[in-house]
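K.L.:
Okay, here's what each chain looks like letter by letter:
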Amino acid sequence: MASRCRNGIIVSLLLCVVVLAGCAKRPAMTAASAPAPTGAAQATTPPAPATPAPEPPAATPPAPTPAAPTAAPASRPPVQEFAANPNLKDIHFDFDKYDIRPGDAKILDGNATWLKGNDVLVLIEGHCDERGTNEYNLALGERRAKATMNYLVGQGVQAGRITIISYGEERPVCTEHTEACWARNRRAHFLSKPR
Amino acid sequence: MRRLLGAVIAGLCALALVLPSTAPPPSRAQGVDVYINITGGGTKKLNIAIPNFAVTVGSDTTGVAPLLASVAGADLTFTGLFSVVAATGSIPADHPEALRKSWTDFAAAGAHAGVHGLLALRGPRLEAEMRLYDLTTPDFRLIASKRFEMAADQPRRLAHKVADEIVRQFTGEPGIADTKLAYVAGSRGVKEIQVADYDGAAARPLTRNGSLNLMPMWSPDTRSLAFTSYKAGYPDLYRAFPFERRPDQTLAAFVGINSSPAFSPDGRSIALTLSKDGNPEIYVLTLATGAFRRLTRHPGIDTEPSWSPTGRDIAFVSDRAGGTPHLFVMDTEGGNVRQLTFGGFHTQPRWSPKGDTIVYTTRQATHDLWAINPDGSNARRLTSGPADNQGATWAPNGRHLAFQSSRLGAWQLFSMLSDGSEQTPITRGSGEYTSPSWSPRLP
Numbered sequence: 001m002a003s004r005c006r007n008g009i010i011v012s013l014l015l016c017v018v019v020l021a022g023c024a025k026r027p028a029m030t031a032a033s034a035p036a037p038t039g040a041a042q043a044t045t046p047p048a049p050a051t052p053a054p055e056p057p058a059a060t061p062p063a064p065t066p067a068a069p070t071a072a073p074a075s076r077p078p079v080q081e082f083a084a085n086p087n088l089k090d091i092h093f094d095f096d097k098y099d100i101r102p103g104d105a106k107i108l109d110g111n112a113t114w115l116k117g118n119d120v121l122v123l124i125e126g127h128c129d130e131r132g133t134n135e136y137n138l139a140l141g142e143r144r145a146k147a148t149m150n151y152l153v154g155q156g157v158q159a160g161r162i163t164i165i166s167y168g169e170e171r172p173v174c175t176e177h178t179e180a181c182w183a184r185n186r187r188a189h190f191l192s193k194p195r
Numbered sequence: 196m197r198r199l200l201g202a203v204i205a206g207l208c209a210l211a212l213v214l215p216s217t218a219p220p221p222s223r224a225q226g227v228d229v230y231i232n233i234t235g236g237g238t239k240k241l242n243i244a245i246p247n248f249a250v251t252v253g254s255d256t257t258g259v260a261p262l263l264a265s266v267a268g269a270d271l272t273f274t275g276l277f278s279v280v281a282a283t284g285s286i287p288a289d290h291p292e293a294l295r296k297s298w299t300d301f302a303a304a305g306a307h308a309g310v311h312g313l314l315a316l317r318g319p320r321l322e323a324e325m326r327l328y329d330l331t332t333p334d335f336r337l338i339a340s341k342r343f344e345m346a347a348d349q350p351r352r353l354a355h356k357v358a359d360e361i362v363r364q365f366t367g368e369p370g371i372a373d374t375k376l377a378y379v380a381g382s383r384g385v386k387e388i389q390v391a392d393y394d395g396a397a398a399r400p401l402t403r404n405g406s407l408n409l410m411p412m413w414s415p416d417t418r419s420l421a422f423t424s425y426k427a428g429y430p431d432l433y434r435a436f437p438f439e440r441r442p443d444q445t446l447a448a449f450v451g452i453n454s455s456p457a458f459s460p461d462g463r464s465i466a467l468t469l470s471k472d473g474n475p476e477i478y479v480l481t482l483a484t485g486a487f488r489r490l491t492r493h494p495g496i497d498t499e500p501s502w503s504p505t506g507r508d509i510a511f512v513s514d515r516a517g518g519t520p521h522l523f524v525m526d527t528e529g530g531n532v533r534q535l536t537f538g539g540f541h542t543q544p545r546w547s548p549k550g551d552t553i554v555y556t557t558r559q560a561t562h563d564l565w566a567i568n569p570d571g572s573n574a575r576r577l578t579s580g581p582a583d584n585q586g587a588t589w590a591p592n593g594r595h596l597a598f599q600s601s602r603l604g605a606w607q608l609f610s611m612l613s614d615g616s617e618q619t620p621i622t623r624g625s626g627e628y629t630s631p632s633w634s635p636r637l638p
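Chains as they are written, first to last, in this note's numbering: chain A, 1 to 195; chain B, 196 to 638.
Source of the hints: derived by calculation from the structure; they are not laboratory data.
Among the clues, some could well be false.
Claimed, not checked - The calculated DSSO-like cross-link candidates involving lysine-lysine, where the alpha carbons are at most 27 Å apart (straight line), are: (1) B:Lys239 / B:Lys471; (2) B:Lys471 / A:Lys193; (3) A:Lys89 / A:Lys193; (4) B:Lys471 / A:Lys116; (5) A:Lys193 / A:Lys106; (6) A:Lys193 / A:Lys116; (7) A:Lys97 / B:Lys471; (8) A:Lys89 / A:Lys116; (9) B:Lys471 / B:Lys426; (10) A:Lys106 / A:Lys89; (11) B:Lys296 / A:Lys193; (12) A:Lys106 / A:Lys116.
Starting from the given sequences, assemble the full structure and let the hints guide the process.
P.N.:
Written as structure tokens, this is what we have:
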């Protein structure tokens, strides 16, 4: 009788688990694999090794260090060397889009003209509004910066002078939750530095 | 209490029906009713008593004994499977009469199980013993007993281990209290990654570089986290070792974005997003060799890989179908691409540890969490505005999710069961907390 009741407790909880997880893959047989009552103390857990490192202690040898990634950037000028340039105007984008709008193309034509007359390096930042999610917006900001770069290259600006960076939704210029504000944040922004 | 006790006992009788070796219950009809009630989503819980741990060695000057009871009790409550019966004081060790009297009292108060905890304080070490009793039996049968050791400065972790063992005794699978949450703290311009206990306690910084640190993701062995950081100016991918004195590794620092890391289930590879070849594509980095293998070849956005627990498939997000982001699944060679969602705006796929569900974020008037079967069937809503709910991460048992919600104003982390019930705040601070990653169980 006692044993039946305890099995009942275990199976009852198992059912709760199955039901709440919405997953029927755990067969009822799992009840049999639950530790049986023994009335005696079971094995003591091995003590974790003492270590000066913060918790939790490492229980296994150090993980192998990955080989140095073949990720050496071809050439990425330090971001902090770029500064604002009033001659290069921001352009803006429709929600979840990265194509250049006709009005913004005219702005880019002006930027291209200035760049062709001034031999500086340029950093194009791609930005998004807060809608959508962070990871996707990082990719979307990349596409906006890239589309902007491609347009300038099409207008005769050397690709080697242009670096792009996406900030996704992480650096808004406006923090209200309104369409007017979101529209300002969906932008490509320009910085420059002397060669 | 009375009602719960009656319900559980009725449930036990109902369960007798499915146990071939047991005698029939007094009333079959009543048992069947309760059984249906349980499968219908009822929350019949097991009442468990956890008095303070009894100190057997040393002097408990910092209140470890009551902390163990309260933290383990909170852990059991969090599971949704237990109700903790209120208790004060402790049951002395080696005192059968006191033990019997305590269990008699707790059983009368409705407890089905009792935890007799013993604590030895040995300088830099804590030793706890957990003895679990079945209070529904006349002789208060001992179900199990187990000892745990922990550094003296980690009493909460000791309590989590006790709670996880209790859960294992009743369900066959350990609990998830001895796990960590990594997440992003801060907003607009400076975001740092922190690591806390699964319940938000004991938060500590992982990064402290004053730049943007995004998208933390635990490795399967819980020893490391991959994340994207702008600490060198550009969004590069790093790996940090929160429990070791070891510098960050640079995993990917290509031109463009290096983002959205996801460890393969065997921990040997990381799927990630790189735009080095012109636009955001998904690659797999083999950690042992540093080699990158490209999986997607499409002019649109491909990002946010999430491995199936078998390691054979990867869910991801692409805008290749009509310009808005949708969920897709491919194999690890980039083939057999299937579209899971149609219409709308869907991102952040996260494959469940059991493999049967993919949770994701859908943008309508607000962002909300949905779940879908990996074959694209049974799309179901888990959260309902009016605020935003997004960025879900699975607990290792597949029963719980953590996510970020703006329902209290600023972004805070919440938890819920995988059916969307029991939504509860994890963080309550004045800051903003986003992008949680729930660790596997600690070793």
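K.L.:
Determine for every hint whether it applies to the structure shown.
P.N.:
Hint by hint, here is what the structure shows:
1. For the hint linking lysine 239 of chain B to lysine 471 of chain B, the alpha-carbon distance of about 54 Å lies beyond 27 Å, and the restraint is violated.
2. A C-alpha spacing of about 23 Å is found between lysine 471 of chain B and lysine 193 of chain A, which places the hinted pair at or below 27 Å, so the restraint holds.
3. With a C-alpha separation of about 15 Å, the suggested pairing of lysine 89 of chain A with lysine 193 of chain A holds against the 27 Å cut-off.
4. Taken as a hint, the lysine 471 of chain B and lysine 116 of chain A pair is honoured in the structure, with Cα atoms around 26 Å apart against an allowance of 27 Å.
5. Between lysine 193 of chain A and lysine 106 of chain A the CA atoms are separated by roughly 23 Å; this keeps the pair inside 27 Å, and the hint holds.
6. Of the pairs offered as hints, the one joining lysine 193 of chain A and lysine 116 of chain A holds, with about 14 Å between alpha carbons and a cut-off of 27 Å not exceeded.
7. Taking the CA atoms of lysine 97 of chain A and lysine 471 of chain B, the gap is near 20 Å; set against the 27 Å cutoff, the hint holds.
8. As the CA atoms of lysine 89 of chain A and lysine 116 of chain A are separated by approximately 15 Å, the hinted pair is consistent with the 27 Å bound.
9. With a C-alpha separation of about 19 Å, the suggested pairing of lysine 471 of chain B with lysine 426 of chain B holds against the 27 Å cut-off.
10. Our distance criterion of 27 Å between C-alpha atoms is met by lysine 106 of chain A and lysine 89 of chain A, whose separation comes to about 10 Å.
11. Using a Cα cut-off of 27 Å, the hinted pair lysine 296 of chain B and lysine 193 of chain A is violated, with the two alpha carbons roughly 80 Å apart.
12. Restraint check for lysine 106 of chain A and lysine 116 of chain A: the C-alpha separation of about 15 Å stays at or below 27 Å, so the hint holds.
Hint compliance for this structure: hints 1, 11 are broken, all remaining hints hold.
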